[in-house]
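Under mature numbering (1 follows the signal peptide of the UniProt record, and there is no 0), the residues of the sequence shown are numbered -19 to -1, 1 to 202, in order.
If you are wondering where the hints come from, they were derived from the structure by calculation, not from laboratory data. Only a predicted model underlies this, so the values are computations on that prediction, with no experimental measurement involved. Careful, some of the hints might be misleading.
SDA-like mimics (lysine to any residue), calculated; alpha carbons at most 25 Å apart, straight line [as the list claims (entries may be wrong)]:
#, residue 1, residue 2
1, Lys4, Pro58
2, Lys68, Ala98
3, Lys36, Ser23
4, Lys113, Ala159
5, Lys116, Gly193
6, Lys4, Thr73
7, Lys116, Phe185
8, Lys113, Thr141
9, Lys102, Thr90
10, Lys68, Ala159
11, Lys95, Glu28
12, Lys118, Thr181
13, Lys113, Leu195
14, Lys68, Leu27
15, Lys72, Pro103
Restraint-style ranges between C-beta atoms, simulated for each label pair [said to hold, decoys possible]:
#, residue 1, residue 2, range
16, Ala138, Ala170, 19 to 25 Å
17, Glu177, Ser129, 18 to 24 Å
18, Ser202, Asn104, 15 to 21 Å
19, Gln188, Asn16, 31 to 37 Å
Where is the CB? At the ideal position from N, CA and C, for every residue including glycine.
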Amino acid sequence: VSSALSAVLLVSLAGLSAAQCGKSDHPSCADWDRNVQFCTSSARTLEMRQAYCPKFCANLGCATTTTTTTTKGPIAPGADANLNCVKWSEKTDASSFCVNPATSATVKTQICAKTCAFEIKPNAECALYTVKDNKLKRGSSINRTTASDPAVASGVAAGTTLSRVFASPGCTLRLFAAAPAATPPEPTAALEPPFEGSATEQFFTVQTINNGALSYTCSCS
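Build out the structure end to end from the sequences listed, making use of the hints.
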């Protein structure tokens, strides 16, 4: 793993935690410690350091611990390499793994290929993520709409709020406070700002003031 990829991995995993010491070291432990003092850095939780570099980092108290949160044996293509992937993806803060803008598709594939399958290779042009019971979940997803199409329901309801959105490169996702109409025209006065997907940015956080939006549209160039 290159130093550049290692840096991306460290950013993407910041704040994530594994409950126990891992059974083996990640191949990049030496690079991480050389570049960012991984073993002693307080910027990474003890739990995360224990999960990824239990043997390399002798200061973590893992010398006699052999339990692991990673899957055993060879990892099948498309499978998760860590048993915490679902928990990480459901986090509602900036460290939520699959929708974290700092997490590259390569890193998602290496660690949580199954859980982050949509975020690695989306099969829709726009999507919404809602929070219910303090867990982030991907909800409604659509392909581009036209001016003659009604807006689509967001899935927001009592106890469910809108948290993140996904817009493919070249697509613009607009949120509306009103519920979708049965027939055109679409609801007026889109909430600001619209979310414009690009080659470098596809996942966005919805402002708290707009997390009750009831419908959305997806237009693509």
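Going down the list of hints, with the structure as the test:
1. Between Lys4 and Pro58 the CA atoms are separated by roughly 21 Å; this keeps the pair inside 25 Å, and the hint holds.
2. Of the supplied pair hints, the one linking Lys68 and Ala98 holds, its CA atoms being roughly 15 Å apart against a limit of 25 Å.
3. Taking the CA atoms of Lys36 and Ser23, the gap is near 18 Å; set against the 25 Å cutoff, the hint holds.
4. For the hint linking Lys113 to Ala159, the alpha-carbon distance of about 20 Å falls within 25 Å, and the restraint holds.
5. Between Lys116 and Gly193 the CA atoms are separated by roughly 16 Å; this keeps the pair inside 25 Å, and the hint holds.
6. The straight-line distance between the Cα atoms of Lys4 and Thr73 is roughly 28 Å, outside the 25 Å bound, and the hint therefore fails.
7. Taken as a hint, the Lys116 and Phe185 pair is honoured in the structure, with Cα atoms around 17 Å apart against an allowance of 25 Å.
8. For the hint pairing Lys113 with Thr141, the CA-to-CA distance comes to about 5 Å; that is within 25 Å, so the pair holds.
9. With a C-alpha separation of about 10 Å, the suggested pairing of Lys102 with Thr90 holds against the 25 Å cut-off.
10. Of the supplied pair hints, the one linking Lys68 and Ala159 is violated, its CA atoms being roughly 32 Å apart against a limit of 25 Å.
11. Distance hint between Lys95 and Glu28 is fulfilled; the C-alpha atoms sit about 23 Å from each other, no more than 25 Å.
12. This hinted pair checks out: Lys118 and Thr181 have alpha carbons roughly 23 Å apart, not beyond 25 Å.
13. Between Lys113 and Leu195 the CA atoms are separated by roughly 15 Å; this keeps the pair inside 25 Å, and the hint holds.
14. Proposed proximity of Lys68 and Leu27 is supported: the alpha carbons are some 17 Å apart, at most 25 Å.
15. Between the alpha carbons of Lys72 and Pro103 the distance comes to roughly 20 Å, so the proposed pair stays at or under 25 Å and holds.
16. Checked against the given bound of 19 to 25 Å, the beta carbons of Ala138 and Ala170, roughly 21 Å apart, stay inside it.
17. In this structure the hint that Glu177 and Ser129 lie 18 to 24 Å apart at CB holds, the actual value being about 22 Å.
18. Checking the proposed 15 to 21 Å range against Ser202 and Asn104 shows it holds: the Cβ atoms sit about 20 Å from each other.
19. The hinted range of 31 to 37 Å is satisfied by Gln188 and Asn16, whose Cβ atoms lie roughly 35 Å apart.
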